[in-house]
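Let chain A serve as the given structure and place chain B on it in line with the hints.
2 protein chains.
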Amino acid sequence: MKKNKFNIAVVGLGNIGINLYKHLIQNKQNIEKRTNIVLNIKYVSARNKFKKRKVNIPKNKWLKNYLEASKRKDIDIVIELIGGSDGPAKKLIFNSIKNKKHVVTANKALISKHGNELSKLAEKNKVNLEFEAAVAGGVPIIRTIKEGLTTNTINKIYGILNGTSNYILSKMSETKLNFKEVLENAKKLGYAESNPKSDLNGDDAKSKIQILSSLAFNSFINKSKITVEGIQGIDQVDITNAKLLGYKIKHLAIAEIKKNKLVQRVHPCMINENSYISNINGVLNAVIIEGKPIGKFTIQGEGAGPGPTTSALVSDICSILRGNIKFPFSVSDKNRKKIRSLDISEDFFSSYIRLDVTDKTGVLSSITKILSKNKISVKRLVQNPFKSKKFASIIIISHKAKNSNLVKSISELANKKFVINKPKFFRIEEI
Amino acid sequence: MKKNKFNIAVVGLGNIGINLYKHLIQNKQNIEKRTNIVLNIKYVSARNKFKKRKVNIPKNKWLKNYLEASKRKDIDIVIELIGGSDGPAKKLIFNSIKNKKHVVTANKALISKHGNELSKLAEKNKVNLEFEAAVAGGVPIIRTIKEGLTTNTINKIYGILNGTSNYILSKMSETKLNFKEVLENAKKLGYAESNPKSDLNGDDAKSKIQILSSLAFNSFINKSKITVEGIQGIDQVDITNAKLLGYKIKHLAIAEIKKNKLVQRVHPCMINENSYISNINGVLNAVIIEGKPIGKFTIQGEGAGPGPTTSALVSDICSILRGNIKFPFSVSDKNRKKIRSLDISEDFFSSYIRLDVTDKTGVLSSITKILSKNKISVKRLVQNPFKSKKFASIIIISHKAKNSNLVKSISELANKKFVINKPKFFRIEEI
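If you're matching them up, the sequences are chains A and B in order. Residue 396 in my numbering sits at position 396 of the first sequence; the count goes up by one each step and never skips. Residue 378 in my numbering sits at position 378 of the second sequence; the count goes up by one each step and never skips.
In isolation and in its complexed conformation, chain A is listed as follows:
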């Protein structure tokens, strides 16, 4: 018999947990109208029970220990909002599923690390494992791939997946401030966490693209040979140069099938300033899918924050109430493919290279010699575009060249005495 009442436990009561709690209380009837099921927040748990929160939670809802959520018979769905790829979050989710409880999580690090194992376990125990909120909260991309685009053959999925990085790059472009100044402002405004490392170094976007590519290509989450570069090395001068050359710098996550192999990469890209994605600014996220029969499809919204994340969590919860899809990654474990991964060393990219050099004769010929040796041909070269007293700045736009050769040249150039700052190198992406 179909249940007509579901009890949930919300574990983790930070900004998102509290926002979700309030939304579920306010929308109880609304949810019942849509699912014919009464949703009851039976329990909550948080590291600090006595922290001041913007909502009154009745005493009888508090669990003594968070792990009770995975054990108590009167809990049907566990909402994990603890965070972290291991530790308590992992323990809670594994135990909950083993005890046949549905799980909803916003934890991208955990899903990208343990998703394959968890998915198999959820299938075995016939419960849902839902993680819409793990990737781009205000963009219901996971449900869209699983349901809206079902049976499409997807060839490429890419986009802007980290709101903090995108906010910083947008602000640098708007304000002419440098990276550090913008980052400090972002922290003050709540757009960057106090420790924003995984947002800035690309790790966060990496977890997300791994999850998306697994869904898009019906494959297991693939962790190998992923190029990951963050935005920490981007200077204001590069943003300005990009503009002068008709580009914008965006931090993209890209997954595609090439020669039947999976290429996953996360790095800053120079893209045409008139392209759709170069106009996605601030904390917005956007995902683009190229597939058949649907063609090119785009979805865009706020990437994070309590509101959008709550929206995603509720869509997951309602999906469970309605008894929707059980397979966490669209298809059964036995039907998920093992796709071999390909690193980008053999891939070809146009690129932007900036070299700050001592202003002496022979430098230019030395640079071009290194490039030529590595089979990199120059499409455009601008010397000294900005006045500087101490050095000259050389900007090179290369024709398409092998990634390994580009990397090798940069490293060779970095070792030259006349190169006085770390060379800058960004791939140009034609999208």
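Every clue listed holds true.
You can't tell identical chains apart in this list, so a pair holds if it fits in one copy or across any two.
In silico DSBU-like links for lysine-lysine, alpha-carbon gap of 30 Å or less:
id	residue 1	residue 2
1	Lys258	Lys33
2	Lys326	Lys42
3	Lys120	Lys5
4	Lys156	Lys54
5	Lys3	Lys126
6	Lys49	Lys292
7	Lys156	Lys33
8	Lys424	Lys369
9	Lys243	Lys176
10	Lys54	Lys28
11	Lys416	Lys400
12	Lys126	Lys326
13	Lys259	Lys28
14	Lys292	Lys54
Just so you know, these hints were derived from the structure itself, not from any lab.
The following block gives chain B in isolation, referenced to the frame of chain A:
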């Protein structure tokens, strides 16, 4: 017991029907993997059985009469691809639902006209009525509202919903050709139907926004007080003027809640050339939703054509196979709201007005007098921006003024002897 095999009948075998047929044959296993159900195309029907088609359909699949699809016991799902808001399509869908068959349709005219009644009937008979393909094929917007954004409170939904109109406006902007020339090209290229009336006069977009607003606001489809204007009156000179003034002309469909009432309107708009939506070109469709808690959300893709429409139809079919949501409009008939509608006569708009006038003294003062009488104040006025031998062209950008006053002024101006062509009037939309 849950069925493990579903038989479907595809009624209507035009480009879309054939594309769907092929896709379902090719993806039979793929669908089974996702739903655990075997999907079998048991029957087909078309007006002309002997028309040459790009696929071989076994003789035993042909129904003698299309209405058999609604009667035969060995059919679970009827796919209606006949078209038209009444006649055979209506007969087929009503009968199918009465006989407890699930229905999938791409028919926006029919759903916008009979959706309220059909939805109630489907609920009573406990079958699905799915129509993702009726609105923006390559944009899974209906499933997104029903599932991805469930329990969001949506305040406004709008976008570009007619690919043909958008294609024509984009091409006029690109090529400087006039409306008729671009339309003829569009017909040749298959982007406009041989009779494109409902695409050009706004009726098609009207049906779509009615369906979307009903889903977004949990209300019955509301047919009254909708302003509908098409793109037939847009001249190349208006497109050019728009550009000079920093705008683009786009044909938008807009639904929003104002003072607890529903405002629905479909008309050409002047919008900022840097806005997101002004860069949606060609046959693309885009839908923007403003809601809580999600914020501003955007989804974009190809609006029509066999590929995107097939993608939408298959997502509907799979949704039925999985036993997903039964309520065609998210909530039960008894929970759908009756929202009173509000026409736009009392709404305020900035506007663009173009008057072609005889080049005589006193004309300008006569124009400004009429505007002033109707409480329309001029923000910008450009006289004679283009050289013409016979007349002067006056372009007025007005401050916000009441729609009824704008319409009245235009009509008064049209009657003046010195106005030699029909005045052009477009609302400026701040989005």
